[in-house]
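Protein chains in written order, with the working numbering: chain G, 3 to 662; chain A, 211 to 529.
Calculated from the structure, these hints are not laboratory results.
The model shown is predicted, which means the values in this text are computed figures rather than measured ones.
Just so you know, even glycine gets a beta-carbon here, dropped at the ideal spot from N, CA and C.
A hint or two may mislead.
As the list claims (entries may be wrong) - Residues from chain A shown here face chain G by an in silico Cβ test under 8 Å; the list is partial: (1) Glu243; (2) Gln262; (3) Leu268; (4) Ile274; (5) Gly280; (6) Ala284; (7) Leu313; (8) Gly315; (9) Arg360; (10) Gly370; (11) Ser392; (12) Ile519.
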Amino acid sequence: MLDFFLAALTPLNLLLALAGVAAGTIIGSVPGLTATMAVAVLVPLTFGMPPESALILLGAIYTGAIYGGAYAAILLNTPGTPSAIGTTFDGYPMAKRGDGDLAVTIACLSSLVGGIVGAAALLLLAPPLAEAALAFGPVEYFWLAIFGLSLIAALSTRDFLKGLIGAAFGILIAMVGISETSAEVRFTFGSNTLLGGIETVSALIGLYCVPVLIELAATSGRHLKEDSGGTRGFRLPEAFSTLMRHKVNVIRSSVIGTLVGALPGAGGSIAGLVAYSEARRTDRRAPAYGQGNPGGIVATESANNATVGGGFIPTLVLGIPGTPPDAVILGALLVQGVRTGPTLFSDGSSIVYTFIFGLFLATLLMLPVGLLIGRFAYRSIVRAPKAGLVPVVAFMTIIGSFAIRNSLSDVGIMLALGVVGWIANRRGFSVSPIVLGLILGRIAEEGFVQSWTIGDAMGNVWGQFFGRPLSLVIIALTLLSFVYPFLPALTRLLRRRGTALPGPSDKREPADPAAILRDLAGISVMAAVAGVALWQCAGLNPEAAVFPRTIATGMLVLCCLAALETLLTRRVVEDRSYGSTGRRAGVVASMAAGIALAPVLGFATAGIAMALGLMLSSEHNNRSLRGWGLLALSVAAVITVFTIGFREALSVPLPGGLIF
Amino acid sequence: MTKFTLHAVATAIAAALFAAPASAGDFPPGQVEYIIPFGPGGESDITARMQQPYFEKLYGEQMIVSYKPGGGGAVGWSQLNGMAADGSVIMGVNLPHTIVKPLQGNVGFETDDIVNAYMFHYTPDAIVVRADSPYQSLDDLIAAAKENPRKITFSGSGKGTANHLVSVRFDELAGIETTYVSFKGTGAAVTAMLGGQVSAEWGYTTVGGGQGDKVRMLAVAMEERHPAFPDVPTFRELGYDIVSGAYRGVAVPKDTPEETRQAVSDAIAAINADPEFRQKMIDGGFALIDVPYGPEMDAWMKARAEEYIPAARAAGVID
């Protein structure tokens, strides 16, 4: 064993691990660039390397990329990778109140612990965990997805019904395109563009980031508060003591991440959400989760980095990839002539142990690399003038969305969903339930249809869904998770019944008729979406229709209940933030123009043109001509560097057009 | 060996290979993007990874693998003809997908829109059970299926795919009724089989290659037994006339000039001819074929269509 450890520490491997973590972190921090992409694009570099070094490099890139997603989640409310969705829930609120630097450091430490736990499990428990993972079948995946969806209850305590409606909406969005399991074309309305479905990551970027950009431009306040008390460095002591306070959370979340990672096909996004849900349920500290509790970051970031080691468990033992990045690495393994299987661990093969120690090494290196890059990211975003920040971030979202499938259609859909998300949010439908529905809806449907097919064949559909022990455990956790946010209200209700004295009223001021009408209009639009979905389901075969029909029906019922609630209680949840409508429209128009011009003028030129429009939309102070010029040059330089980097380093075929 | 010398040797090899059909547009024009219209991890991806180093060795240029997943391949194929037609882009193609999918509805492309440059292998269909399954032979499984209609469940990769079509055909020939459960890719189908959620898997010989002694293949859909699995009988030996699987190759955008199409075909042919590469593929459970661009490809595609379309109709995948 010591020999393998030393083999991982050769100067070449140390250098590769360091370079891999740094590259992965930077790539992962750009929304749209996923760990899969980071790993895939660099596979050819490994052909000339010894197998051990190749795997160490790829593992390091993967480790860094999963961590890097936290930066955008905390500082821009936009998960850099799906694994970091949960990090937005508390990371962004922390950043808004001036603790962005602390949040970044906490994310780094949490990822470190999670990565170590995952790698340790891979080293010590891989074969038994892989066998245990096989007990997870379609039914368990279905209930696990539902469990993830139970986070809706926490994310929308303002209005639970709207949260459920939003999730159903997200699920229906996930159904667009050719169904992977039934091969039926659904909800495309004849459009070729929608055949491939709504791309998850670009939808994520649109739903989370575009509303931030719109509001950033519309209001004159700074993006994130920065403590004016001077430099505070990494705030490492604070972060460390936070982790100590949350030590149960960090260990539990790391274990959850490892186990979920070991389930083939689950991956980082589910792991983060499950860990977040459990942390929220068991943590009593203020502030509440979703409002800047560092426990939320601890949970998500330790879980998602634990999936790195966890995901390699089925990859190496069964030859079945745990997550998409594992799939790419599995391919690289096969090219190197490494045969997977349990014997990989028992044969005393040097490759696998050197690789595992390489993972430990990469995880440890993540601390200095992550802190330094995180510091740079934080300071850059906090101090950038708004008129420079908005165009650069907008360009990053566009180039990132494009790079996922090399598709401008995905970028257009990203922007459209961003506008939808912004409008929905103002009507009280927050974005996170929609995203949860989008992410988990596909997994839920696959599990549902497969379980239904198997149960029907066995003549026992009910037994299939409710008769398996593992499923029952997940169902119990789900019910607990749905009910938990309402416990305080239930407790007060029960206590009030026990006394003759009237308690303080929970009633708020009734909304005015205009607000009620707006609310009903929003609910009506959602009901119309459900209606259209039901109408479209009529033309599908049963297997393709059963799940969306169920969801759409449920959505209609929920819309009726929500409308009834609004009418009866005259209580309206909406977000009517004030700011310039013209500037908001300017952001959307500029981005749309940039997307439309990209194939004509070239990606960078269109990006620069878009940036000029965004600068005008987002500047609230007077700026001298020289000031405008300097800002424009800086933004153009950043856009040019990004374009060249994507084209040359990542081999993304950006449209060329007339200019550049 | 210095880099310059290495490059010179690579250039010389390339020049020698293409001396005969000399043309103004040399292939490759630079690095080549090899698009897999599926996610990473499947047979298509693994094959591309296997081919990558041999391409680099032949031409001194990188072949970059990228993914354009969605719609069971339809997203990639529907966009292929909008891509660069100078030989810098090639895309993986799978059959029966490219024949069956357009018949299912508007999936964004038609079979004839796709210019197939070379077909390099197929993964033969196989019935795979886990090692501790009660079915020791195909006869065991058929007997169980006759005794319990519909209750023998098979996992497979997708609908309207090789796994699905062969499942329907086999049920007809054997006079049984089984239940096919569609999964998203081979990895998920294997997991369900190993985990016992289904009775067996309609997989490929590559599953046997990948899973080793954790699984048992009951039969393979080939003309003759697979060299890597000499103990596994073919369906034909057992009395069921089935030779089928998922065929794979590469296609180019339709605006690609004739000489470039031929050059791409020759490039893949050269990789397929490499003895080391062939052995690697066979050991992994693949079955190599060589269908070059031209009249041979046209005839081969026509034969596949005549085979697949009736099967898909019988499977209820198309009307």
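Report holds or violated for the interface hint on serine 392 (chain A), using the least CB-CB distance to chain G and a cut-off of 8 Å. The hint holds - serine 392 (chain A) has a Cβ within 8 Å of chain G, the shortest such distance being about 4 Å.
A closest beta-carbon separation below 8 Å is what the hint needs, so does alanine 284 (chain A) meet it against chain G? holds (5 Å)
Is the shortest C-beta separation between leucine 268 (chain A) and chain G less than 8 Å? violated (13 Å)
Would the hint on glutamine 262 (chain A) stand, with a C-beta cut-off of 8 Å toward chain G? Holds: closest Cβ of chain G sits about 6 Å from glutamine 262 (chain A), inside 8 Å.
Take the shortest C-beta to C-beta distance between isoleucine 519 (chain A) and chain G; is it under 8 Å? violated (15 Å)
Interface hint outcome for glycine 370 (chain A) [beta carbon to chain G under 8 Å]: With a closest approach of 5 Å, the glycine 370 (chain A) hint holds.
Do the numbers back the hint for glycine 280 (chain A), that is, is its least Cβ distance to chain G under 8 Å? holds (3 Å)
Taking the closest Cβ pair, is arginine 360 (chain A) under 8 Å from chain G? OK, holds: arginine 360 (chain A) within 8 Å of chain G, min 5 Å.
Let me know if the C-beta of glutamate 243 (chain A) comes in closer than 8 Å to any C-beta of chain G, holds or violated. holds (7 Å)
Can we keep the glycine 315 (chain A) interface hint, with Cβ of chain G closer than 8 Å? Nearest chain G Cβ about 5 Å off; hint holds.
Under the criterion of a CB-CB separation shorter than 8 Å, is isoleucine 274 (chain A) in contact with chain G as hinted? With Cβ-Cβ at 5 Å, under 8 Å, it holds.
Can leucine 313 (chain A) be said to touch chain G, with a Cβ gap under 8 Å? Status violated, d = 11 Å.
In summary, the structure is inconsistent with hints 3, 7 and 12 from the numbered list given earlier, while agreeing with the others.
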